[in-house]
Each structure stands twice: as structure tokens, then as C-alpha cells.
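On the provided structure of chain E, position chain S as indicated by the hints.
Each chain is listed here by its residues.
Protein chains: 2
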Amino acid sequence: MSQLTQEIEQLEKTLKDAKAAFYQNAVLGAEKKNEALETFALLIEENAAHLMAENQKDLEQARQDQLQGQLLNRLKLDNAKLAQVVQGIRDLVKLPDPAGKILAKTKLDDGLVLEKISVPLGVIGIIFESRPDVMPQVLSLVLKSGNAVVLKGGREARHSNAAFMDLVKKLNARCPYLANTWASLLDSREAVHQMLNYPEYVDLIIPRGSNQLVSSIMAATKIPVMGHADGICHIYVHQDMGSPEALAQALKMVVDAKVQYPSACNALETLLLHEAIAKVFLQDFAKDAKKNGIMIKGCEKTMAILPDCQPASEADWSSEYGDLTLSIKVVPDLDAAVGHINHYGSHHTDAILAKDPEAIERFLNSVDSACVFANASTRFADGFRFGFGAEVGISTAKTHARGPVGLEGLVIYKYKLRGQGQAVADYVGENAKPFRHEPLL
Amino acid sequence: MSQLTQEIEQLEKTLKDAKAAFYQNAVLGAEKKNEALETFALLIEENAAHLMAENQKDLEQARQDQLQGQLLNRLKLDNAKLAQVVQGIRDLVKLPDPAGKILAKTKLDDGLVLEKISVPLGVIGIIFESRPDVMPQVLSLVLKSGNAVVLKGGREARHSNAAFMDLVKKLNARCPYLANTWASLLDSREAVHQMLNYPEYVDLIIPRGSNQLVSSIMAATKIPVMGHADGICHIYVHQDMGSPEALAQALKMVVDAKVQYPSACNALETLLLHEAIAKVFLQDFAKDAKKNGIMIKGCEKTMAILPDCQPASEADWSSEYGDLTLSIKVVPDLDAAVGHINHYGSHHTDAILAKDPEAIERFLNSVDSACVFANASTRFADGFRFGFGAEVGISTAKTHARGPVGLEGLVIYKYKLRGQGQAVADYVGENAKPFRHEPLL
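Top line first, the protein sequences correspond to chains E and S.
Each residue of the first sequence is one higher than the last, beginning at 23 in our numbering.
Each residue of the second sequence is one higher than the last, beginning at 23 in our numbering.
Pulled out of the complex, with its shape left as it was, chain E reads as follows:
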């Protein structure tokens, strides 16, 4: 048997086992799932030294491979990060069970009652990059929701990821009601590509990574993919923000959105300024930009006010810089800002800074993005900040789940109909019985 054939057989077994585990974990009930989560949190605390020692191996390799500062920081597991992970798991225990919620109940007829009830989704395939703390977050969301998961972590974090998988084995031993195969770790890119060919076993793919990764996965599979292809976020500053106080506030939010974590997907890429306040805003902003190392690419009107900045090209309006570059465009009014955002944006997170409540509502209703903010930094778009306990990712899709996705992205619903022997033939034709369709909830 060739190596590839062997690998495919191994993968098929992994996926089949994951599906079987899903059927088992899906019906566990809230109490057991929470007990397992508590145990997982304890195991992380008990094995913190080991986790950090394994992580140290990854860090050493990364230094040999000359990884840079921010990447090293993302890769590093320390006491603070582990404490946050454990806290996140305990927060998750407190949240209500996302499965088993009765979403609707209708009496179709006497003795024929329809229930719509939330249920776990199935086998989730998650592909993530170098942050090893993603792994326990994802594992705990999957446990809480009653799903099964097949993971592929970044090569840079392989020792850390393997250490977390060892904890899963210990968890399964301490909680024997868990299906043994509810979580597994793939170890090659080839296995990920193969996984895309199995819609019969894998119900949802969540790629957490580059635009390229997400887009190539979407093109290669029939399995639904939840991810965000780009994070081109905007702030529009309305004409009524010209007072010194409002201006200071606007500057603070713009700097925060651009500077606080420039490589995040919810960081600011394009600033839109109402022409009535463009001059006063830009004159002040020039100092903030200089102080924070922001490199401005401006439209013609921006350049007329700040002659030293770079000219923005058409391509800039649809660029995710991921660094301290900021494109700026002066617009005639709110509608032009909304039009620009809907056309060039990535439907991720966009904000208006304004006082006029009518302008604010028009913006929030008309901008077609997962997150629309008024007078707040775009950087708030995040599962933890939204209070979801953790997030499996941020979605810019228009179906299933949108924006920061926590537990609810991992459930769907089924319809349960309880009857007393009814046939459809009784409800059609000449002497058809009528339906009652009486809401019971």
C-alpha cells in the first residue's frame, strides 16, 4: 500500500470515529458536559508546567527559524495566558447549554405538536495558525456544544498542540462518558486537503488564517466554510464632530482602531471624512499619525490638506494593510460613506463617529457588515469583548453565523414532530382536515 493510500485510510478512520463520537457526545446533557469542562480546566492547571515546557521547545525552534517579535509573542504560552484560558473555560461552564433549547413550538393539529430545538452541528474541522491558546478555547467550545472536532494547528506550535492533545486523553480517562474520539489532531497539510473531500463526515470547516487559506479552502470543498476572507474595516467621521471635544474623542477612537493592534482583522484600514470637517480633523490627526508612525495614503482632497502624504490608488480602497498604513478619503456626505463601505469593504466591522442620532441609525441600518458601530473603536469586534466566553472565529459570511462566533455557531436545529398516528392523506383533498398552526411558545 502506498504511503498516500495509508494516510487516506487513516484519515477516513479519524473522520468516521469523529462522527461516531459526535453521535455520542451530542446527547450527553448539560451536567456532564460542564463536568468535563471543569475537569479540563483543572487538568490545564495541574499540567501548566508541562504545557509551558513543551511550548518552550516550540519557542526554541521558532528562534532558530528566526521568527519575529509579534509571531513569537503569539506562540508563547505563559502563566497569564493559561490563566486566561482556564478563566475562559470556567466562564463557559456558567453559560447556558446552547443545545436543547426549544426555539419554537406549534400545535399543527390536536395531538400533532411540532418543536424546533437547537442541537449540536456535527464534526467541525478547524485549521488554525501559530497561537497554541486557540486549541484549548476551541476544544472547550466544542465540548460545551456537544460536537466533535478534527484540528490542524500550525507546525510552529506542534509541541504545544500535542501537549494539549495529551490533556484530552487524560480528560477522556477521567470522564469516561466522553466519546474517546471526539477530538483529534491532523499532522499534515495533505490530510487537511483530503479532509475537504468528505462532506459525509465533516459538517463545517473553520479556517482561522490568511485570506488565501480561507479562499482556497472555499474553492476546494462542498463542505460549508465559516471564515473571513478580509478585514477591511472603516471609520466614517460625520460632519457634526467638529467641536474640540468631539474632535478629541474622534482622534482617540481612530488612533485606537489603527494602532492598538494593527495586524488584527478588526483594525482600521480606511478612514472616511465628511468634507465639512476634513480640514480641521486632518490638521490635528497629522500629529497623532506622526507620533504613532501611521503612514497615510490620501485621496486628492486629503492631499490638498496634507500635501506630504502618499497618494491613494484605486487598489488602496480594497487593501487590508495589516500594518500602520491608513488610507483616507474625503466624502461629500453620509450616503457616499455608506456607498464606499458597501462597495469596497469586506462586511466585517465599520463604525460611524457622529452626534446626530438620525445619521447614526441610518449608518447602522445601511452598512451591510457583520458589526456596525457608533462612537466606538472597530477593535471591539471580538468574541471575548462581546461576552461570548470565547470565539471559534469571526465570520464575514452572510449565512449561518456572522461576526464574532461563539457557541451558537456550533449549533443548528432540528424539528421534532410528535403525533398520534396521523397521515398526510387526512389533510389533503375534498374532506381535508384543516391545520391549526397554533403557537405554543
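Given that identical chains are not distinguished, each listed pair holds provided it fits within a single copy or across any two copies.
20 Å max Cα-Cα, derived PhoX-like pairs, lysine-lysine:
#1 K455 x K274
#2 K116 x K129
#3 K455 x K103
#4 K116 x K127
#5 K312 x K301
Think of the hints as simulated: they come from the structure by calculation, not from any bench.
What follows is chain S alone, placed relative to chain E:
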């Protein structure tokens, strides 16, 4: 310019116009949308004679093309069907607006409030076959939800479909607040294939047609596809259905599920019998099968009881016959039935016939299908019967929308965050402000 280039340019314009129309219709509000629906219902009543005359042209062509009885019936528009369509639209008017619902509300901090609110989804691409009454149903669901739609109907119904599009023009004239381009009809298969290449304009594809159609569309596009690939539905008869009364009821439901409309996706394909009641059930069922023209393909145990039936092969357990063929398998217990259904089924609709409440609940929880029924025919799985007013289709997907899909499959949500100038930098680091995450709903 080549003809193809021209066609592609035309399609791009259609899709761009649809997107622009979506932005306009999305913010109309319930009152105007309902007024438009009422007007549409009136227009259908006023133009019923014209609609039926145009439909007559399709029927004549179909007779020339030697279409068969059931296909002709599906194609035919008569007063009864139009009355049902009009009634469906008026039922839809009475339903609450699916958009603008506040789904969750959280105080992240003082003066920083997050709202999760339902919104229309965008541009929906719908491909459907010969039933012309699908068209007004889909149009009214799209109107009610505030979306835009690009339709492709079956060639057999082209006069009828064009007549409905003429009504849309009249509707737009009477309701000038509607965006003119909210609905358009594609006229070639090539245009449908091209549409799959535009995820920037089309947010969801709903193919209503053959397995092949749905599957080939899924493989060819990054756009989310909502549809069902197969309808392999099961009924499992539990061991406690052996009394004469229970047996009579079970026979009635099995015959209904198989015979009432054999080509429907929710019709029965495989019957699973607990071995304790197999003999008594099959001896009675043989007469019903003969009377109704049901052709049985049985497992070995079935053949031991009914020696005249055909043997079932492995392929039968995953076949959607769409006719009066029925495969039958005798199983040792409920778990075997559940295992068979989850393995061979299409996760569409499966039913248990039983008395024991524990067995019923175990089946409803463990079978991983969109619709799980107890003591009712699988044929109840339908948007009208469930009380949704109309349906855009039935989904066997595990994401977004599952089972019969009405209005709610055409909406998603966005997060609105209203602040007072907050920056994320205030909530991180040493002197971080804590989040409050206080539910307001």
C-alpha cells in the same frame, strides 16, 4: 464584442442592480413591505385570466413535447392554485417581520451597548424547475424579508414565469418605494453558471431541483448553497407496535408516507422493522403493498417472511427511488435502526412508530436529521404543513437553515454597538477597565 462577453456584461449589470436593490429594500420597514405584498396579491387576482392564458401556452408546448401526467399537473396553473398562492401571500402579510428583531442585547460597559438584530441576507439566487407557482411564493418571501432575488425558472414554464415578471413590473409601478431591480429572471442556463462566479453580488444560492443539479452547483461555487441533495427517508416500527390497533395505525402511516406522493423528497424509501414485530407487520403489509402497487425490496429476514419480494442490495439502502419501490430491513433493536438511518440516510426526515416514550425520545434525540417524527407520516415535512406560510426549499445542510425553510432562512443578523467614544486600549493592560457583559434582554 462576442455574444458571451455581452451576456456576461448583462449578467454583471443584473447582479449589481440586484445588490443595489437589496440595499434599498432592506431598510423599507414592515408596513411598506406588507403593503407591497397586499398589492402583489391583488395583482395576481386582477390578472388571473392572463396568467392562466400564458400558462396555457406552456401547457400546449408541454403536450407537444409529450410531457407526462404528473409533470403536466405540476406545470398547470388553475384557479385553485392561484387562490392558494394568493392565500399564502396574505398569510405572509400576517406573519411578523423577520427582519429587525432584537435577538440579544448586552451592556458591555456603561454607555457601550451591543445589540444583535436580524437583517435580510442580500441577493438570493434561486433556480427552480417546472412548477410556475413556485415563482410568486419565492417573490413574496423575498419581498417580506427585504431581500433581492435573481431567478431562473424551468424552460417548460417560461411563458408563465414571464407573466409573473410582468406583474412584478406592475407592482413596482404601484409601489414606487420598491427598488425597481429587486427581482429579475435569467433566461439561460449559461447565465446561471456565470452567476456562480459572483460571490461579491450573490449571497445565497437555492437550487430547487434534482440531486445532480444541487450537487453540481455546490461543487462549482464559493457562494453558500442551501438545498437538499437527497431525500432518503425512513420509518422505524418499534417492537411495541404489535397490537392489532397499533399495527393498523402503523400500516396507515407507512402507506401514507410511501404512496401519498411517491416522488416527493419526504416520501418513504426504507422501512425498518424491529424483529419482534416483523412477521406480523409484514403479513398484513403484503396486502396493502399489493393494493397500492408498492414493490418491495427486502433484506434476507424480510425475504424469509415474504419470499416473493425482490432482494435488496447494499445500494438499495442509499437509494432515493421516487416511485413505489420500498426497501425493507429487519433490525434487532432501536439502536440498530438509528445506526442504519444515520449511516445510510440523507438527514432529511425520519420517523419512529412506537408507544414507549423512552424509545421515542431516544430516537428523536439520536437520529441526526432535519426532521425527526414520532407516530406521524414523513410527508408532514413541509413548510406549509409546518405553518411557515410558504417555503423556499427544504435543506439537508447542517448550517444556516435546516428542514423546510421559510422566511428565517432569508435573514441573518448583524451586531450594532452604540458607544460614547470608547477605545479598546482602555480595556487592556495594567489598568484595564473591566467589561460588564450584562444581559439587557
